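Given the coordinates of chain A, work out where chain B should sit on it, guided by the hints.
Number of protein chains: 2
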Amino acid sequence: MQQKGVLLVISGPSGTGKGMICQKLREDMPIRYSISATTRKPREGEVHGREYFFYEKQAFETLIAQDGLLEWAKVYDNYYGTPREFVENVLNSGEDCLLEIDTQGAMNVKQAMNDAVLVFIAPPSLTELRRRILGRGTESIEEIDKRMSCAADEISFINRYDYVIINDEVDKAAQKLLSILQAERCRVSRNDGFILTE
Amino acid sequence: MQQKGVLLVISGPSGTGKGMICQKLREDMPIRYSISATTRKPREGEVHGREYFFYEKQAFETLIAQDGLLEWAKVYDNYYGTPREFVENVLNSGEDCLLEIDTQGAMNVKQAMNDAVLVFIAPPSLTELRRRILGRGTESIEEIDKRMSCAADEISFINRYDYVIINDEVDKAAQKLLSILQAERCRVSRNDGFILTE
Numbered sequence: 001m002q003q004k005g006v007l008l009v010i011s012g013p014s015g016t017g018k019g020m021i022c023q024k025l026r027e028d029m030p031i032r033y034s035i036s037a038t039t040r041k042p043r044e045g046e047v048h049g050r051e052y053f054f055y056e057k058q059a060f061e062t063l064i065a066q067d068g069l070l071e072w073a074k075v076y077d078n079y080y081g082t083p084r085e086f087v088e089n090v091l092n093s094g095e096d097c098l099l100e101i102d103t104q105g106a107m108n109v110k111q112a113m114n115d116a117v118l119v120f121i122a123p124p125s126l127t128e129l130r131r132r133i134l135g136r137g138t139e140s141i142e143e144i145d146k147r148m149s150c151a152a153d154e155i156s157f158i159n160r161y162d163y164v165i166i167n168d169e170v171d172k173a174a175q176k177l178l179s180i181l182q183a184e185r186c187r188v189s190r191n192d193g194f195i196l197t198e
Numbered sequence: 001m002q003q004k005g006v007l008l009v010i011s012g013p014s015g016t017g018k019g020m021i022c023q024k025l026r027e028d029m030p031i032r033y034s035i036s037a038t039t040r041k042p043r044e045g046e047v048h049g050r051e052y053f054f055y056e057k058q059a060f061e062t063l064i065a066q067d068g069l070l071e072w073a074k075v076y077d078n079y080y081g082t083p084r085e086f087v088e089n090v091l092n093s094g095e096d097c098l099l100e101i102d103t104q105g106a107m108n109v110k111q112a113m114n115d116a117v118l119v120f121i122a123p124p125s126l127t128e129l130r131r132r133i134l135g136r137g138t139e140s141i142e143e144i145d146k147r148m149s150c151a152a153d154e155i156s157f158i159n160r161y162d163y164v165i166i167n168d169e170v171d172k173a174a175q176k177l178l179s180i181l182q183a184e185r186c187r188v189s190r191n192d193g194f195i196l197t198e
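Protein chains in written order, with our numbering: chain A, 1 to 198; chain B, 1 to 198.
Chain A on its own, in the form it takes in the complex (with noise of 0.2 Å):
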């Protein structure tokens, strides 16, 4: 018997930084990223279960019809969608699974899967969120103003996320994420069975 993974899952405003949090988490720690279901067409390079899982649009309203996704959404006209059966494969062989995904997705996970370990990255303040968007240099003053308005609605739902990470810097932000990590791993909820049979 082995213990099973767990499901990390990382939301956070746009411009946060939570892409490269996860990517040094990953060079630190083996974690599997989860692998979304879509229907809309793969691009040029793109490979069913390495990118997405591609699906007919059928085919994912059955996956829906039979609950096989974590969280769903459509955006314009395709689906979007996290397969249930992957990441209990990754969990079930003991390998933890990680979920970058919006407050919204993040919340049916969550439901579907009362396990799992919600993290939301957060700027210093949303003065420095405004900042580094502007530094990138590549969104107009609109884009800017809505984006801001979507990070203050993501921030509102802190209060439902299990921990908070702020990052002021990358390096201390992922190691606090590996620290959540392993400290889940050792939560007595996850070891029942584990302990002590002789």
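FYI, nobody ran anything at the bench for these hints, they're computed from the structure. Be aware that a few hints might be false.
Same chains, same label: a pair holds when it works inside one copy or across any pair of copies.
[To be verified] Listed below are the simulated DSS-like cross-link pairs for lysine-lysine, each with C-alpha atoms no more than 30 Å apart in a straight line:
hint : residue 1 : residue 2
1    : Lys4      : Lys41
2    : Lys74     : Lys41
3    : Lys24     : Lys172
4    : Lys41     : Lys110
5    : Lys172    : Lys41
6    : Lys146    : Lys110
7    : Lys4      : Lys110
8    : Lys57     : Lys110
9    : Lys4      : Lys172
10   : Lys57     : Lys4
11   : Lys4      : Lys24
12   : Lys57     : Lys172
13   : Lys146    : Lys41
14   : Lys146    : Lys74
15   : Lys172    : Lys74
16   : Lys4      : Lys146
17   : Lys57     : Lys74
18   : Lys24     : Lys57
Predicted, not measured: the structure shown is a model, and the values here were computed from it.
Leaving out everything else, chain B in the frame of chain A:
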């Protein structure tokens, strides 16, 4: 405004090595030891407020009556307890506080201070625990049997702890304890009011 420290409560059967783990933790991370109150007389070299807070019996009973102790017990003719004020002052100053205590004491502390973090240090197995106690060569067989029976009692409380660390290697176990402390500092419930005010 400063983030409150974490009260880390450590229990585990005698012979599990929790003392060494706590010592290693303190090398990596500044953390204050809780100082117990007692009615036993100071031994030579012991200083009030360093090894213990020494009280007369009546003063100790007044502390009990005023809810001034997070937990207390009477051992033979002497009282021992954990002064609430000392612990609260440490936590309010933003420092973390470490309390090594038996399972009964830990249950009482959790009741008195709901955000205390309870960590159980377990031996890899009862066989291994017996081997370790035998290895010390300081206890009689009767004494060892008594310790093993105590250990079984303590282990029956594991499910009321937050975390369990199996001490198969001291360095790894200390690393896990450090991760738990760092993760707990990231708990959303401990970061209320520190996030994103502007």
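Indices of hints not satisfied (ascending): 1, 5, 10, 12, 15, 16 and 18
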